[in-house]
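Student: For reference, the chains in residue letters:
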Amino acid sequence: MTTHINGSWELGAKMTALVVDDDSINQTIHHRLLEQLGIENQVARNGKEAIDIHCSGKKFDLILMDRDMPIMNGIEATRKLRAMGIRSMIAGVSTRCVKQEIQEFMEAGLDDYQEKPLTSAKIISILRKIHHSGSISY
Amino acid sequence: MAGLTALEALTEQLYDFIQSMEDDGIVDYHFKDCYNMKEANGPFLFIELIPTYISDSETTLEEMTTELDQPLVKFKHLEQLCTRLKGGTACIGACRVATSCGELRRAAIARNKDNCLLRLEMIKGDFSILRNRLEAFLEVTDMILVRVCGFPALYSTQKVINDCLY
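Protein chains in written order, with my numbering: chain E, 2 to 139; chain F, 97 to 262.
These aren't lab readings, by the way, just hints derived from the structure by calculation.
All figures in this text were calculated on a predicted structure; none of them were measured in a lab.
Glycine residues also receive a C-beta, built at the ideal position from the N, C-alpha and C atoms.
Heads up, some of the hints might be wrong.
Here are the simulated lysine to any residue pairs, SDA-like style, with alpha carbons at most 20 Å apart [unchecked claim]:
1. 170(F) x 72(E)
2. 209(F) x 112(E)
3. 172(F) x 123(E)
4. 170(F) x 74(E)
5. 170(F) x 103(E)
6. 123(E) x 209(F)
7. 172(F) x 73(E)
8. 100(E) x 72(E)
9. 172(F) x 74(E)
Pairwise CB distance ranges (calculated) [stated by the list, open to error]:
10. 154(F) x 43(E): 27 to 33 Å
11. 214(F) x 99(E): 37 to 43 Å
12. 107(F) x 77(E): 45 to 51 Å
13. 72(E) x 120(F): 35 to 41 Å
14. 214(F) x 15(E): 48 to 54 Å
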């Protein structure tokens with residue numbers, strides 16, 4: 002169960018996240034934004050790495066999934082994670098703003114979609130959805 | 097005391113510089129937000145990001161140029177390059193170049209080579225302006241580091257900077 006206390010997210014266990022993005026600038030900024038919110042996080046450079054990380058047994062409360070990546074893109078990675086039974090909050094992140102493109106990404110299994118650039122406010126809005134769901138699911 | 101005053105003046109100059117980039121529409125408020133993000137072990141996250149951004153962007157622009165030089169343009173690949181460039185650009189708040197990327201992407205989706213060439217030239221022009229301002233921004237931050245640590249960031253490692261400050 003998450004509780005929002007004094008501007009930070011307090012949990013029985015520390016919240017964790019996976020940043021999936023091929024761009025080093027985005028990786029760094031998203032990693033730092035999450036850190037500033039007290040969320041432990043690591044980075045995967047593409048969808049395949051994200052899958053491999055989960056296959057190794059790691060699980061996360063939140064996955065920030067970029068759409069356009071080499072080797073395996075965000076749509077395919079999201080489908081695969083859901084097929085593996087991963088029920089973490091997956092938020093799609095992209096510069097794309099065309100409705101059909103967003104819909105295609107959502108239909109892969111996203112819980113939320115945010116247009117880049119990500120901000121603390123956007124991440125908090127995602128976190129509120131985890132809070133309102135009442136539990137952290139793996 | 098005189099040294100501290102000079103540091104404050106430089107810091108104020110830096111914020112004025114950021115404001116001028118905002119006023120000129122080159123960056124938006126995200127740029128200042130990124131600058132204010134502090135590295136866990138030191139304050140210079142953004143200073144390391146900017147040279148990486150410039151280098152990565154120049155590479156992507158070269159790839160776009162190469163693609164549009166081909167007799168048969170792969171517009172899908174051009175679209176992907178636009179998305180790549182726009183991603184990092186938007187994240188640091190460089191809104192003018194990000195907008196230009198969006199326009200090139202629309203031209204690529206429409207498979208209009210002439211319009212793509214025109215849009216690419218516009219991106220290059222906007223990026224050139226951005227790069228010049230970012231390099232000037234880095235020069236001011238280096239001056240601040242000289243005041244704080246005695247040497248500029250271009251010649252410093254993160255560890256040495258941290259040793260000075262913490």
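Student: None of the hints should be skipped; say for each whether it holds.
Tutor: We went through each hint and held it up to the structure:
1. Between residue 170(F) and residue 72(E), the direct Cα distance comes to roughly 19 Å. Compliance with the 20 Å bound is thereby established for this hinted pair.
2. At roughly 37 Å between alpha-carbon atoms, residue 209(F) and residue 112(E) are farther apart than 20 Å, so this suggested pair is violated.
3. Proposed proximity of residue 172(F) and residue 123(E) is contradicted: the alpha carbons are some 30 Å apart, above 20 Å.
4. For the hint linking residue 170(F) to residue 74(E), the alpha-carbon distance of about 19 Å falls within 20 Å, and the restraint holds.
5. A hinted pair counts as satisfied when its Cα atoms are at most 20 Å apart, and residue 170(F) with residue 103(E) does not qualify at roughly 23 Å.
6. The hinted pair formed by residue 123(E) and residue 209(F) fails the criterion: a straight-line CA distance of about 36 Å is larger than 20 Å.
7. Restraint check for residue 172(F) and residue 73(E): satisfied, since their Cα atoms lie roughly 16 Å apart, inside the 20 Å limit.
8. Of the pairs offered as hints, the one joining residue 100(E) and residue 72(E) is violated, with about 25 Å between alpha carbons and a cut-off of 20 Å exceeded.
9. Restraint check for residue 172(F) and residue 74(E): satisfied, since their Cα atoms lie roughly 15 Å apart, inside the 20 Å limit.
10. Between residue 154(F) and residue 43(E) the Cβ separation comes to about 29 Å, which falls inside the hinted range of 27 to 33 Å.
11. The hinted range of 37 to 43 Å is not satisfied by residue 214(F) and residue 99(E), whose Cβ atoms lie roughly 22 Å apart.
12. About 46 Å separates the C-beta atoms of residue 107(F) and residue 77(E), a value consistent with the hinted range of 45 to 51 Å.
13. In this structure the hint that residue 72(E) and residue 120(F) lie 35 to 41 Å apart at CB holds, the actual value being about 39 Å.
14. Distance hint check: the CB atoms of residue 214(F) and residue 15(E) are about 51 Å apart, consistent with the given range 48 to 54 Å.
Violated hints, listed in ascending order, are 2, 3, 5, 6, 8 and 11; each of the other numbered hints is respected by the structure.
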